[in-house]
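Here are the chains, one letter per residue:
2 protein chains.
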Amino acid sequence: MSDVSYTKEARNTVRRHRERAKYDFATVHAIVNASSILHVSFLPTNPEADPFPTILPMIGTMGSFANPSADLGDEGIDLYIHGHSASRFMKLPTSADADPAGIPVCVAASIFDGIKLALTPFNHSCNYRSAVLHGRAQLVTDEAEKNWALHIITDGLVPERWNNSRVPPTKAEMLSTSVLKVTVVSASAKINIGGPGDDRKDLKDEQVTGSVWAGVLPVWQMIGTPIEGANNKVNQVPKYLGAWIEEENAVREKYALEVSKDLPKKSKD
Amino acid sequence: MSDVSYTKEARNTVRRHRERAKYDFATVHAIVNASSILHVSFLPTNPEADPFPTILPMIGTMGSFANPSADLGDEGIDLYIHGHSASRFMKLPTSADADPAGIPVCVAASIFDGIKLALTPFNHSCNYRSAVLHGRAQLVTDEAEKNWALHIITDGLVPERWNNSRVPPTKAEMLSTSVLKVTVVSASAKINIGGPGDDRKDLKDEQVTGSVWAGVLPVWQMIGTPIEGANNKVNQVPKYLGAWIEEENAVREKYALEVSKDLPKKSKD
Numbered sequence: 001m002s003d004v005s006y007t008k009e010a011r012n013t014v015r016r017h018r019e020r021a022k023y024d025f026a027t028v029h030a031i032v033n034a035s036s037i038l039h040v041s042f043l044p045t046n047p048e049a050d051p052f053p054t055i056l057p058m059i060g061t062m063g064s065f066a067n068p069s070a071d072l073g074d075e076g077i078d079l080y081i082h083g084h085s086a087s088r089f090m091k092l093p094t095s096a097d098a099d100p101a102g103i104p105v106c107v108a109a110s111i112f113d114g115i116k117l118a119l120t121p122f123n124h125s126c127n128y129r130s131a132v133l134h135g136r137a138q139l140v141t142d143e144a145e146k147n148w149a150l151h152i153i154t155d156g157l158v159p160e161r162w163n164n165s166r167v168p169p170t171k172a173e174m175l176s177t178s179v180l181k182v183t184v185v186s187a188s189a190k191i192n193i194g195g196p197g198d199d200r201k202d203l204k205d206e207q208v209t210g211s212v213w214a215g216v217l218p219v220w221q222m223i224g225t226p227i228e229g230a231n232n233k234v235n236q237v238p239k240y241l242g243a244w245i246e247e248e249n250a251v252r253e254k255y256a257l258e259v260s261k262d263l264p265k266k267s268k269d
Numbered sequence: 001m002s003d004v005s006y007t008k009e010a011r012n013t014v015r016r017h018r019e020r021a022k023y024d025f026a027t028v029h030a031i032v033n034a035s036s037i038l039h040v041s042f043l044p045t046n047p048e049a050d051p052f053p054t055i056l057p058m059i060g061t062m063g064s065f066a067n068p069s070a071d072l073g074d075e076g077i078d079l080y081i082h083g084h085s086a087s088r089f090m091k092l093p094t095s096a097d098a099d100p101a102g103i104p105v106c107v108a109a110s111i112f113d114g115i116k117l118a119l120t121p122f123n124h125s126c127n128y129r130s131a132v133l134h135g136r137a138q139l140v141t142d143e144a145e146k147n148w149a150l151h152i153i154t155d156g157l158v159p160e161r162w163n164n165s166r167v168p169p170t171k172a173e174m175l176s177t178s179v180l181k182v183t184v185v186s187a188s189a190k191i192n193i194g195g196p197g198d199d200r201k202d203l204k205d206e207q208v209t210g211s212v213w214a215g216v217l218p219v220w221q222m223i224g225t226p227i228e229g230a231n232n233k234v235n236q237v238p239k240y241l242g243a244w245i246e247e248e249n250a251v252r253e254k255y256a257l258e259v260s261k262d263l264p265k266k267s268k269d
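Residue numbers (our numbering), protein chains in the order written: chain A, 1 to 269; chain B, 1 to 269.
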């Protein structure tokens, strides 16, 4: 793994709680891939008539078509998101007045890891991992790149799913799906871990400490037992699926519990 | 509960999968309150120098200060979000060139309920509840409203937590926290439920149905056993907390399992 980081610019420099900020590719990209939903924001096309930005929840994953075996910490990793070809957002990058370099977007990936219950509401906080990327989104027109992108997006949902389902896609399926590539221009991550941080004054107040429970509620996204569809003809849940669910649940729970513990050196967060 | 809906305008009208769209206040606001993280997007202050929108993950809740006992389906429900007073975003609404009516924002709330595994990647989908709100954010300057907003935001994280922690906030705490009120101008929700939808051709292909497992992986946000902080002096997890965790986990799991089932009338989704 190389050790590359996003340059700190005005746009992506974390100002509050700088100690929680990370700029290295590996951390930022791993959060994107671990997040089930990505939130993609774009500007209004006619700000004078309608000044609001829009956010869409989407599915996507990081990857390098030029170097498919690239590590998440390597350079040249892009974000691929997909959607229906007829959707307003997927058509934006090829609209008449769009910048050929791609439309400016912001993508946020957030994972909620726990609720920190401090003695006072003011010191309540959350454990989380969050990545915010700014980049330019362009339509993927190369068929091989598009096919590869759909493959990694599908496997980003459930590993090995692409090869364990009916592929390749038909021509009609490929036509109805569009893939956008977001070339990232700046990004940052913010990670909060540990137990609640309290003020000395509250900690010394026995009436407060004697009545307020303080600690963390660990939170993780749990995957339940697979529920077969009415048309399913495969009796057993395949191993690639069952083993992944078990492993993934264990990893998620372990992380949430691990970061709920107090940090060795307590500091007000 | 009254039966009020957001007006369908160009901005908030769902175009793809209209059958999944909801516009009524109760549905939209309930999704916001059930979502642990809100994603808030705002425009660049100088689009010519820096054309990217920004998304921040935030915590917030719906409420009506004029009518605190209002139902989520009632009129006049606003979104309250909080943050550190010194943060760039919290200072935006009172910056010199900001519209006094509030800065235009988009807020997205998304809950991931499951992964639909269809026979072909193209028909893969997710079960989810998502709300997208457009509105104008203003700084809350009235002390009573600010205090009330912090109360409902805290209780939105964990019910009854405000009254079970050290309150009222000190003057310094109130000064370091800002609250923004978002007056919603348009909104919509999108809800996807049910099992995977497959094409007739795939369903008739025995080689496909005999080899591809099809169904849903239910997903929900699990709250683990509370982990006490190093400074906690209350021996037992209080009932308002323990009972809520148990109930909340049951509600979340039940919903995820319920929506994983095939819908009575199957249709390709």
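Because the hints were derived from the structure by calculation, they are not lab data.
Just so we're clear, the structure is a prediction, and the values are computed from it rather than from any experiment.
Think of the CB as a built atom: it goes at the ideal place given N, C-alpha and C, for glycine as much as any other residue.
Hints are supplied without guarantee of correctness; some may be wrong.
To be verified - If we take Cβ atoms under 8 Å as the criterion, some of the chain B residues that face chain A in the derived model are:
| id | residue |
| --- | --- |
| 1 | Asn-46 |
| 2 | Leu-72 |
| 3 | Leu-117 |
| 4 | Ile-193 |
| 5 | Gly-210 |
| 6 | Glu-258 |
Structure-based check of each hint:
no.: 1; hint: Asn-46; result: violated, 10 Å
no.: 2; hint: Leu-72; result: violated, 21 Å
no.: 3; hint: Leu-117; result: holds, 7 Å
no.: 4; hint: Ile-193; result: violated, 12 Å
no.: 5; hint: Gly-210; result: holds, 6 Å
no.: 6; hint: Glu-258; result: violated, 10 Å
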